[in-house]
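**Student:** In case you want the letters, here they are:
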Amino acid sequence: MSRDNILHKVRTALGRSAGQAVADPPPVRLRVPEIAMEDRIALMRSRVEALAGKTARVPTMEAAREFVAGAIAGKTAVASNAPYLVECGISSLPGVRTGIREVGELTAVCAQVDIGITSADYALCDTGTLVMIASPAEGRLVSLLPPAHIAVVPRERILTGLDELFTILPDPAAQTSSMVLITGPSQTADIEQILIRGVHGPGQVTVVIVG
Amino acid sequence: MSVEFDRKIHDTLADANLQLAVYTATGRLKDKRIQVTAAGVLPDYQELRTQANAIKKHVIDNLDHYLEEFERNVESHGGKVVYCKDATDVSDFVLDLAKRRGSRLIVKSKSMTTEEVDLNERLAHHGLESVETDLGEYILQLAHERPYHIVAPALHKTRYDVADLFTKELGVARETVPEKLTLIARGVLREKFLKADIGISGANFLIADSGAVAIIENEGNVRLTTSAPKIHIAVAGIEKVIPRAQDLAVFLKLLARSATGQLVSVYTSFLAGPRRAGEVDGPEEFYVVLLDNGRTKLLPDRSKRESLYCIRCGACLNACPVYRKIGGHSFPWVYSGPIGAIITPQFMGVSHEPGLPFASSLCGACGEVCPVKIDIPKILLELRGDVRKSEAREGLNRIEKLAFRIFAWVMTHPRIYEMAGRMAASIAPTGDGKWIRSVPAPMSVGPLKAWLSERDMPPLPPKSFREMWRNR
Numbered sequence: 447m448s449r450d451n452i453l454h455k456v457r458t459a460l461g462r463s464a465g466q467a468v469a470d471p472p473p474v475r476l477r478v479p480e481i482a483m484e485d486r487i488a489l490m491r492s493r494v495e496a497l498a499g500k501t502a503r504v505p506t507m508e509a510a511r512e513f514v515a516g517a518i519a520g521k522t523a524v525a526s527n528a529p530y531l532v533e534c535g536i537s538s539l540p541g542v543r544t545g546i547r548e549v550g551e552l553t554a555v556c557a558q559v560d561i562g563i564t565s566a567d568y569a570l571c572d573t574g575t576l577v578m579i580a581s582p583a584e585g586r587l588v589s590l591l592p593p594a595h596i597a598v599v600p601r602e603r604i605l606t607g608l609d610e611l612f613t614i615l616p617d618p619a620a621q622t623s624s625m626v627l628i629t630g631p632s633q634t635a636d637i638e639q640i641l642i643r644g645v646h647g648p649g650q651v652t653v654v655i656v657g
Numbered sequence: 022m023s024v025e026f027d028r029k030i031h032d033t034l035a036d037a038n039l040q041l042a043v044y045t046a047t048g049r050l051k052d053k054r055i056q057v058t059a060a061g062v063l064p065d066y067q068e069l070r071t072q073a074n075a076i077k078k079h080v081i082d083n084l085d086h087y088l089e090e091f092e093r094n095v096e097s098h099g100g101k102v103v104y105c106k107d108a109t110d111v112s113d114f115v116l117d118l119a120k121r122r123g124s125r126l127i128v129k130s131k132s133m134t135t136e137e138v139d140l141n142e143r144l145a146h147h148g149l150e151s152v153e154t155d156l157g158e159y160i161l162q163l164a165h166e167r168p169y170h171i172v173a174p175a176l177h178k179t180r181y182d183v184a185d186l187f188t189k190e191l192g193v194a195r196e197t198v199p200e201k202l203t204l205i206a207r208g209v210l211r212e213k214f215l216k217a218d219i220g221i222s223g224a225n226f227l228i229a230d231s232g233a234v235a236i237i238e239n240e241g242n243v244r245l246t247t248s249a250p251k252i253h254i255a256v257a258g259i260e261k262v263i264p265r266a267q268d269l270a271v272f273l274k275l276l277a278r279s280a281t282g283q284l285v286s287v288y289t290s291f292l293a294g295p296r297r298a299g300e301v302d303g304p305e306e307f308y309v310v311l312l313d314n315g316r317t318k319l320l321p322d323r324s325k326r327e328s329l330y331c332i333r334c335g336a337c338l339n340a341c342p343v344y345r346k347i348g349g350h351s352f353p354w355v356y357s358g359p360i361g362a363i364i365t366p367q368f369m370g371v372s373h374e375p376g377l378p379f380a381s382s383l384c385g386a387c388g389e390v391c392p393v394k395i396d397i398p399k400i401l402l403e404l405r406g407d408v409r410k411s412e413a414r415e416g417l418n419r420i421e422k423l424a425f426r427i428f429a430w431v432m433t434h435p436r437i438y439e440m441a442g443r444m445a446a447s448i449a450p451t452g453d454g455k456w457i458r459s460v461p462a463p464m465s466v467g468p469l470k471a472w473l474s475e476r477d478m479p480p481l482p483p484k485s486f487r488e489m490w491r492n493r
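Chains D and H supply the protein sequences, listed in that same order. Under my numbering, the first sequence has 483 at position 37, and the numbering climbs by one with no breaks. Under my numbering, the second sequence has 268 at position 247, and the numbering climbs by one with no breaks.
Treat the hints as calculated values from the structure; they're not laboratory data. A quick note: this is a predicted structure, and the numbers were derived from the prediction, not measured. Each hint should be verified, as a subset may be incorrect.
As the list claims (entries may be wrong) - When the alpha-carbon atoms are kept at most 30 Å apart in a straight line, the in silico DSBU-like pairs for lysine-lysine are as follows: (1) H:K399 x H:K51; (2) D:K455 x H:K216; (3) D:K455 x H:K53; (4) H:K470 x H:K422; (5) H:K394 x D:K455; (6) H:K51 x H:K78; (7) H:K410 x H:K422; (8) H:K470 x D:K521; (9) H:K410 x H:K455; (10) H:K53 x H:K216; (11) D:K500 x H:K51; (12) D:K500 x H:K106; (13) H:K53 x D:K500.
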């Protein structure tokens, strides 16, 4: 058995015995700064835009629907099952497929449409990051397969950064099999270090901040 | 130094295009790292390094404990941990699983660990198609080459090289615009993603308290590899474990900054087990392969053990004046640059390439940029000692030892020293006040020739210090 063999080698090399207690690891280092909501919104927008993402700030859920309707403009889209998108009336916009709960169907639809619409569980303003937690409401593929991704996020979900995220969610695995942080459009620089967007994931990312 | 190592270095130095490509690419990465780690941008950069080092030290010193905790928690989420001692173990596991599930096509995201064990070649040998999906790695797979750099694997390839390769291997019309080349690859690989039964990824961190793996990338191919196929296998070295998900707040800030000069990478995937009840998508099966492949050999030595703190950011390569001249393919194994120079001898044995720990000017740049504060120059020195000890055991360095004994004897006898100095001055070329780049034939023999061929000498002054002292 490689398992026991490897663990035995590790213990012998370290001079430890099986089940031997361990001193406490260094204390967790999380520093959550105070940043006012308006500043968070401004920082979030500037970070996303610096990465060639787009942002919009709309005052109401109604206005969010209008914005997304304008962005769809005759193209095809898939919306995740996020209740917030339903509340905004985005899920019922013409040309939007939603309510898909079967993986085969979701894959086929996401591989075909022009735009994937999601909400986000959190956003991190100091890096311009969207936090996507997989659940019955949010699939992984909606923000991944279509060439464009629109995320509609109520302002109160904007956190200061990674430190605040891990203060709120000390163990994301307790609630999901997948948490993905998205910071701007997919990119590569593998050919002569020339930056190209949209290699495997969406080349366009739009963050709509509501409120 | 082996003949092979020497030849590859000379070939790289003689290739002007390659020199320019490597120097430019590493220079750009180096500058970007400096910008995003500057005190004005990240005031607590040094504290984060100290914390990262302390966490890594704690984990490696108690590695068995954290591996077992990780394993328990992966299993509590319905995943499975597979320990593998070497390359054969890994390929046997994948082959067996593929056979049982009737899988033929595998998509792979970038993983230095799988490069270590030549996984693609082993799978191909048994009729499985395993496709690299990171653009750089895909290019290298088509070219049958090893990564040139830990984070920028195809940095030695020009757009024209890639154009030729795609035309030859994919039968497409020749395109030399990087955007178009990228689109071609996207098209080919998108189909593979949607057809593949198994996705194999690496892992940047194994998180013990969550039973999760964290994977960092920019392209989205890791997300596709780990979400689209029914089976996800993450392959990682046993040293990749960290205690808590909360520690990611430290490591994520350091990794992207050090690797590519980004604040964070475009995508960070935190994956804990297969798709759960109610979740819409994600794999049905989730495996983590924990690979030893020589890592346990690094543990007994308390000092050199810190080589295992490495998070594979590649910053030491970009900072290294030697890497920037001799490039990634001169190095004898998959890991290049300063980190390659310290881990390769420890994984493969110092006599595998005795020249390796000496391929450094000991300038200290690598240690200075290392985000987890590995004292690379110190370990290089220790390994030089190990090389000499091993050579002494094999009786290889008799001439060198004799030379140093003579040198020591001369240095401890002032009169002899002065005489030797005068003698050397009388036969050495003057260089006409310029650096002496070659020595006359009688001195250019045997080991002395090899030693002198790599070194230029300053011209001898007209008077020695002793003479000037006497005449003051």
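**Student:** Determine for every hint whether it applies to the structure shown.
**Tutor:** Cross-check of the supplied hints:
Among the hinted pairs, H:K399 with H:K51 is consistent with the structure: their alpha-carbon atoms are about 22 Å apart, no more than 30 Å. Between the alpha carbons of D:K455 and H:K216 the distance comes to roughly 40 Å, so the proposed pair goes past 30 Å and is violated. For the suggested pair D:K455 and H:K53, the alpha carbons sit about 41 Å apart, so the restraint of at most 30 Å is broken. Restraint check for H:K470 and H:K422: the C-alpha separation of about 17 Å stays at or below 30 Å, so the hint holds.
Taking the CA atoms of H:K394 and D:K455, the gap is about 26 Å. The hint holds against a cut of 30 Å. Under the criterion of a C-alpha separation no larger than 30 Å, the hint pairing H:K51 with H:K78 is consistent with the structure, at around 26 Å. The suggested pairing of H:K410 with H:K422 holds, with an alpha-carbon distance near 11 Å, which does not exceed 30 Å. For the suggested pair H:K470 and D:K521, the alpha carbons sit about 72 Å apart, so the restraint of at most 30 Å is broken.
Distance check on the hinted pair: H:K410 and H:K455 sit about 38 Å apart at the alpha-carbon level, beyond 30 Å; violated. For the hint linking H:K53 to H:K216, the alpha-carbon distance of about 38 Å lies beyond 30 Å, and the restraint is violated. Between D:K500 and H:K51, the direct Cα distance comes to roughly 29 Å. Compliance with the 30 Å bound is thereby established for this hinted pair. With a C-alpha separation of about 47 Å, the suggested pairing of D:K500 with H:K106 is violated against the 30 Å cut-off.
For a cut-off of 30 Å, the pair hint linking H:K53 to D:K500 stands: about 23 Å separates their Cα positions.
In summary, the structure is inconsistent with hints 2, 3, 8, 9, 10, 12 from the numbered list given earlier, while agreeing with the others.
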